[in-house]
Amino acid sequence: MSTASLELPDYHQQTPEVVARFERIRQRPVVLKVENLKKGFGDPNHEHVVFDKVSLDVYRREFITIIGPSGCGKSTFIRIAAGLDEATGGTILLDGKSISGPGPDRGMVFQGYTLFPWRTVKQNVMFPLENQGKSASEAESEARQWLDMVGLGRFEESYPHELSGGMKQRVAIARALANNPRVLIMDEPFGALDAITRAKMQKHLIEIWRQVDVTILFITHDLDEAVYLSDRILVLGVNPGGVREFIENPVPRPRSVAQFLTPEFLAVKHRLDELIHPPEADTEEDTLPMVKLTQAGDEVE
Amino acid sequence: MATSDFLGLKKELPPSRRLVLTILSFVGPLILWAAVSYIPWLWHPLVRITDPGEVEYFSERMEVPRAEFAKQVDEMLKAKSEPPKGYRVNPVYLPAPHEVVKAFYTGFTTPPRLPNEPWLHQSLLHSIYTIFWGFVLSSIVGVPLGILCGTFRFFSRLQEPFIEYFRYLPAPAFGALCVAILGINDGPKIAIIVIGTFFQQVLVIANTVRKVDPSLIEAAQTLGSKGWNLVRRVVIPASITEIYTDMRILLGWAWTYLIVAEVVGTMSGITFFINQQARYRNFDNVFAAIAMIGIIGFTSDLLLAWIGKLIFPWKRKRGARKSSVIPISMVAKQNRLPAEEEKPEPPAGPESAPASIPAPGTAPETNA
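Protein sequence lines, in the order shown, are assigned to chains A and B.
Be aware that the first sequence starts at 1, since it is given in this note's numbering, and climbs by one per residue.
Be aware that the second sequence starts at 1, since it is given in this note's numbering, and climbs by one per residue.
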């Protein structure tokens, strides 16, 4: 890793402003309390444990990113938080109340957009508002506001298939936020986007989050994205599955693309890389056996 | 090197060639039929006598096999008698295209032979009436039940095994039973169509509903939808276009049960007409009537397809596919060019986007 060769500061080091900010965050009420969460498959005797003993407190308006190697159960974890899967042990409390099943207090944005193809952009955003029993005109004007916020006011009459991937995902975010959820859960929302759209969407998301009182749980496998967006980064591992580290991100806010090369940014990123790709894993199973496929007389190299 | 893809292995053919091929698909069989009908040395296994000569059992307008005719000519020539004359014809059951085309018109203008027999248009209307009620009655129960079975495992397990068994029982087998219960008029005919359609309908629609993208349902659940609301606002709209297509196919199947249904009890509708005309040996009318069934079925399907485009506007535009079922690789491809992404977007940076919206609920502090 190129970052390893640089002289990086300790990622635990925080400027006084950052320390003060985390101090203030901890003063806020706990929105999501996860206690000893466990998920396993199969019968109790031959159980395959995905993760165990996951406990964390998420404070109001925090931006939490969850990261980990494939198979660490990060998607399973937020699906449990969303109420779409069930845990095999432990509890998740939302505002002190234990969750059961999916509900409007936890909005979700999926990687696959999941917009309703039979509804226009505006009608998609109206969907949760209608569920709340709002009148059509009320839902419509509120949906317009949300669409304006994600910058898609001009496309309210379009159907989802007429939009690009980034635009679809912005509609999905507007739709999830229209419900005024306490927590916005995002499962690799920008994973299907190209690099340029993805960078724009990250910027949009920070802007939106600054406008709205919402706590965000965000899954990604992109280290830059994790450091750029979040307050704290939950690193999950495999074998045994569970929390590796819960990192307080020392990169100060407001965030900008320029910070990608600051020492503290690189330090966190380096630490994440260590946690997710431990050095010993590189030795055998990850290296493919290479057979030389050149012919005799091929001496170009 | 440009490889010409004339046969359309990888891409759709140009519209002009598509049209030509569509026409050809109809013209091909017609040419074959016309050739057999109009080229005298193609098939034409019979000889129609114009002059019986001195053959005793021949008479004018009689049709005999070619071999028989040739034998008689031979014998007459040997006996120095006058040989019979005639020309080659096809059997009566294969009328020429022009005769059938004429029958399309004359079929409607010729009054029935007996005063109590229906006209052709009455027969056709009777058939449409039977199909319509059979299909509607089947759908009134079948569609909701199919949706229920497709949505909830409970109803699927409760209903589908029996329906799966029942659909193997051929509908015509119930003919006698239906007559015994429902009399000899339209009742048993409609019942046969219902039996033939209903069980397939439930299974096909349940299957279609089961294929609804589960992530759409999950998304709706996280947006506060559940129970009946979820079925009405997500499951049904998500599958309605596919259900509509299923219904079009099922309506085609209902037509195949029509002929069976119409011989149950007192024969009626187009089947009665066809049978009656065959009995009178008016095979041009028989052909015309059969062709008419095809035309009615085909045009009603085209009409339904057109109506489908009207009532499902999200399917109308090009590339209309459920966004969520597009494989991720395709999505990535669609977004590959940043220029494409740029174009349709309004200026949505921090300057235009936020600011206008006050945050719902006041935060203890901003995240700046």
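For the record, the hints were derived by calculation from the structure and aren't laboratory data.
Ideal placement from N, C-alpha and C gives every residue a C-beta, glycine not left out.
Keep in mind that a hint or two might mislead.
[What the hints assert, rightly or not] Label-pair distances were calculated between CB atoms; the ranges are: (1) B:Arg-210 - A:Ser-100: 19 to 29 Å; (2) A:Gly-42 - B:Arg-248: 20 to 30 Å; (3) A:Gly-42 - B:Val-141: 38 to 48 Å; (4) B:Thr-299 - A:Arg-144: 38 to 48 Å; (5) A:Gly-42 - B:Thr-299: 51 to 61 Å; (6) A:Val-291 - B:Arg-248: 53 to 63 Å; (7) B:Arg-248 - A:Glu-35: 26 to 36 Å; (8) B:Trp-228 - A:Gly-42: 46 to 56 Å; (9) A:Pro-9 - B:Arg-210: 30 to 40 Å; (10) A:Glu-245 - B:Glu-164: 15 to 25 Å.
[Unchecked claim] Covered stretches of chain A, going by a simulated chain B footprint (3 or more residues, C-beta under 8 Å): (11) 99-110; (12) 173-186.
[Stated by the list, open to error] Keeping only pairs whose Cα atoms sit at most 16 Å apart, straight-line, the calculated EDC-like set for lysine to aspartate or glutamate is: (13) B:Lys-226 - A:Asp-105; (14) B:Lys-315 - A:Glu-157; (15) B:Lys-85 - B:Glu-99; (16) B:Lys-315 - A:Asp-105.
According to a criterion of three or more residues whose C-beta lies within less than 8 Å of a C-beta of chain B, is the region 99-110 of chain A covered? holds (count 8)
At the C-beta level, are Trp-228 of chain B and Gly-42 of chain A separated by a distance inside 46 to 56 Å? violated, 35 Å
Could you say whether the range 26 to 36 Å given as a hint is met by the Cβ separation of Arg-248 of chain B and Glu-35 of chain A? Distance hint for Arg-248 of chain B, Glu-35 of chain A is violated at roughly 54 Å.
Are Gly-42 of chain A and Arg-248 of chain B spaced within 20 to 30 Å by their CB atoms? violated, 45 Å
Range first: 15 to 25 Å. Now tell me if the beta carbons of Glu-245 of chain A and Glu-164 of chain B are that far apart. violated, 54 Å
Is Lys-315 of chain B within 16 Å of Asp-105 of chain A, Cα to Cα? violated, 32 Å
Does 30 to 40 Å hold as the CB distance between Pro-9 of chain A and Arg-210 of chain B, or does it fail? violated, 55 Å
Range hint 38 to 48 Å: satisfied by the CB atoms of Gly-42 of chain A and Val-141 of chain B? holds, 42 Å
Are the Cα atoms of Lys-85 of chain B and Glu-99 of chain B separated by 16 Å or less? violated, 25 Å
Satisfaction of the hinted span 51 to 61 Å by the C-beta atoms belonging to Gly-42 of chain A and Thr-299 of chain B: This hint holds: roughly 57 Å between Cβ atoms.
Outcome for the supplied range 53 to 63 Å, where the beta carbon pair is Val-291 of chain A and Arg-248 of chain B: holds, 55 Å
Given the hint that Lys-226 of chain B pairs with Asp-105 of chain A, does the C-alpha gap stay at or below 16 Å? Holds: Lys-226 of chain B and Asp-105 of chain A sit about 14 Å apart, inside 16 Å.
Consistency note: the structure conflicts with the earlier hints numbered 2, 7, 8, 9, 10, 15, 16.
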